[in-house]
Amino acid sequence: MKKKNMFVFCSLLVLSLFLGLIGSSKAEAASVKSKSTEKSFWWTVPNGGHSSARIKLEYRETYKLRRDKAAFTQRRCTACFRRAGATSLPKYSLGKVTHSSKKKLSPWRKGSDMYDPNVWNSVLSYENNTSVQYARKTKATGTVKALVTCRGGNVPTRAVSVTQRLNTK
Amino acid sequence: MKIKKAIICVACLIGICSISAIASEYSESESFDFSGWGQTLKNVAEKPSKSRSRTAADETLVQGKEVAISESDVDMGTQFYQAAGFTEEEAREQSVEYFKEYEAMYAEAIAKGYSATDEEIEGYLEEMKASIFSDTTDETTQAQYREMIGQFDSEEDYWNYEKEVYRKQLPIEKMVRDLEREYFGQESADEEGWDEYFENYKADLVRKQNYQN
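Order-wise, the sequence lines are chains A and B. Note that the working numbering has the first sequence beginning at 1, numbered continuously upward. Note that the working numbering has the second sequence beginning at 1, numbered continuously upward.
In short, the hints are calculated from the structure, not lab data. Check before you lean on any hint, since a few could be wrong.
Below, computed lysine to any residue pairings styled on SDA-like, alpha-carbon distance capped at 25 Å [to be verified]:
| hint | chain 1 | residue 1 | chain 2 | residue 2 |
| --- | --- | --- | --- | --- |
| 1 | A | Lys96 | B | Phe184 |
| 2 | A | Lys91 | B | Thr140 |
| 3 | A | Lys64 | A | Ala135 |
| 4 | A | Lys35 | A | Asn128 |
| 5 | A | Lys91 | B | Tyr197 |
| 6 | A | Lys39 | B | Arg177 |
| 7 | A | Lys39 | B | Phe32 |
| 8 | A | Lys104 | A | Ser93 |
| 9 | A | Lys110 | B | Asp195 |
| 10 | A | Lys39 | B | Lys65 |
| 11 | A | Lys33 | A | Thr149 |
| 12 | B | Lys65 | B | Tyr211 |
| 13 | A | Lys145 | B | Gly193 |
| 14 | B | Lys163 | B | Thr117 |
Bound-form chain A, shown alone (with noise of 0.2 Å):
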C-alpha cells in the first residue's frame, strides 16, 4: 500500500512538473505587436511640376508573456521611402520609438534590410533590445515618427507617425 501510494505521488509530482514547464514555455514563446501606415506628400515646385514622396513606416514589438506582465524585449522601426522629382527632391529622416511611460530605450542600431529597389529607393531601419515590462492591460503606448522634407517644395517638411497600444489582454 506504502509502495503504491509512493508510486502514485511520485507519477502526480513528475507529472505536474512536466505539466508546469509546458506551461511556463508556453509563457515565454515570444509574440509581436505591429502596426504600419503608408503616406503619400507632394510638392509644387517653382518650374510649375511636382516633387513627390511615398513613405511606409513600420514598428514592431517583440514581447513575451509572464503571468500578468509582459515583457517588451525588441523593437525595430523601419522606413521605405520612394521619391520623384527634378532639382527639389524629398528626403526623410527616421526617429527611434519612444514609449510614453518614457522609459529609456537604448542603445539603438541600424538594422540590415532587403527591399525591392523598383519599388523603394532606400529602406532605413532601427532596432533596439532594451527590456522593459508592462501589466497585461497597460495604458502605455509606442511611437514612431519619420519626417519628410523638400527643399525648394511649399511646405517643406510634413511628419508621419505610428502609435500603438502596448496591451497584451
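Once you've looked at the hints, dock chain B against the given chain A.
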C-alpha cells in the same frame, strides 16, 4: 543677486528670441498661397508660346554654355517663392538659382539620351492624379491641390499645362531615378550621403554651364 537676475533676464530674452525665430521660420515655411500659385500657372499656361525648349534671345536673363534662362521663367519662379512668403528680392534670387539648376539638369538629361514620349507623359500624369487624390495623401494636401487647380477654367486645362511642364521634367526625373539607383547600389550608401552626392552633382552641372548674366 543683481548678477543672477541679469543672467536670468538675458537667458529669458534669448529664449524668447529663439522661439520667435523658430515660430516665424515655421510659419513662413508652412504657409503657401496655393490659389495665388494656381493663378500664376494659369497665366503662364495662357501665354501664346508654351514651349520652353527654346528661349527668345530678347528675353534671356542668364546665358549658360548650352542653356538659357528666360525672364519669364524667373518671373514665374519669383512668384512661387513670393507665394511661399519670401520678399520679392529674395524670391527673385531663389528663382534664378532654381532655374540655373533646372536648366543645367535638363541639358545633362538630354545629353545622356533621356527623353519622354507623349504617351509616357500622359501615363505619368494619370498616375500622379490618382496618387494625389488617393487615400494615402492627406486631406489637407488634396484640398490645397484642388485650390491650385481650381484657378484654371477647367481641371483638363491644368493637366494639359502639366503635359508641357513634364516634357522637360520627366527626362530629368528619369535621369535622377537612375542616378539614385546607381548610388544606392553601393554598400556604403545612405540617405545623408545621397543628399550630399545629389547636391554636389547639381552644383557641378551648374558650374559646367558657366552662367553669365
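Structure-based check of all given hints:
1. With a C-alpha separation of about 23 Å, the suggested pair A/Lys96 and B/Phe184 falls inside the 25 Å cut-off, and the hint holds.
2. For the hint pairing A/Lys91 with B/Thr140, the CA-to-CA distance comes to about 20 Å; that is within 25 Å, so the pair holds.
3. The straight-line distance between the Cα atoms of A/Lys64 and A/Ala135 is roughly 12 Å, inside the 25 Å bound, and the hint therefore holds.
4. Taking the CA atoms of A/Lys35 and A/Asn128, the gap is near 17 Å; set against the 25 Å cutoff, the hint holds.
5. About 13 Å separates the Cα atoms of A/Lys91 and B/Tyr197, which keeps this hinted pair within 25 Å; it holds.
6. A hinted pair counts as satisfied when its Cα atoms are at most 25 Å apart, and A/Lys39 with B/Arg177 qualifies at roughly 20 Å.
7. Of the pairs offered as hints, the one joining A/Lys39 and B/Phe32 holds, with about 21 Å between alpha carbons and a cut-off of 25 Å not exceeded.
8. Taken as a hint, the A/Lys104 and A/Ser93 pair is honoured in the structure, with Cα atoms around 21 Å apart against an allowance of 25 Å.
9. With a C-alpha separation of about 19 Å, the suggested pairing of A/Lys110 with B/Asp195 holds against the 25 Å cut-off.
10. In summary, the hint linking A/Lys39 to B/Lys65 is not supported, as the alpha carbons are separated by about 41 Å, beyond the 25 Å threshold.
11. For the suggested pair A/Lys33 and A/Thr149, the alpha carbons sit about 29 Å apart, so the restraint of at most 25 Å is broken.
12. As the CA atoms of B/Lys65 and B/Tyr211 are separated by approximately 7 Å, the hinted pair is consistent with the 25 Å bound.
13. The suggested pairing of A/Lys145 with B/Gly193 holds, with an alpha-carbon distance near 21 Å, which does not exceed 25 Å.
14. A threshold of 25 Å between alpha carbons decides the hint, and for B/Lys163 with B/Thr117 the separation of about 11 Å falls inside it, so the pair holds.
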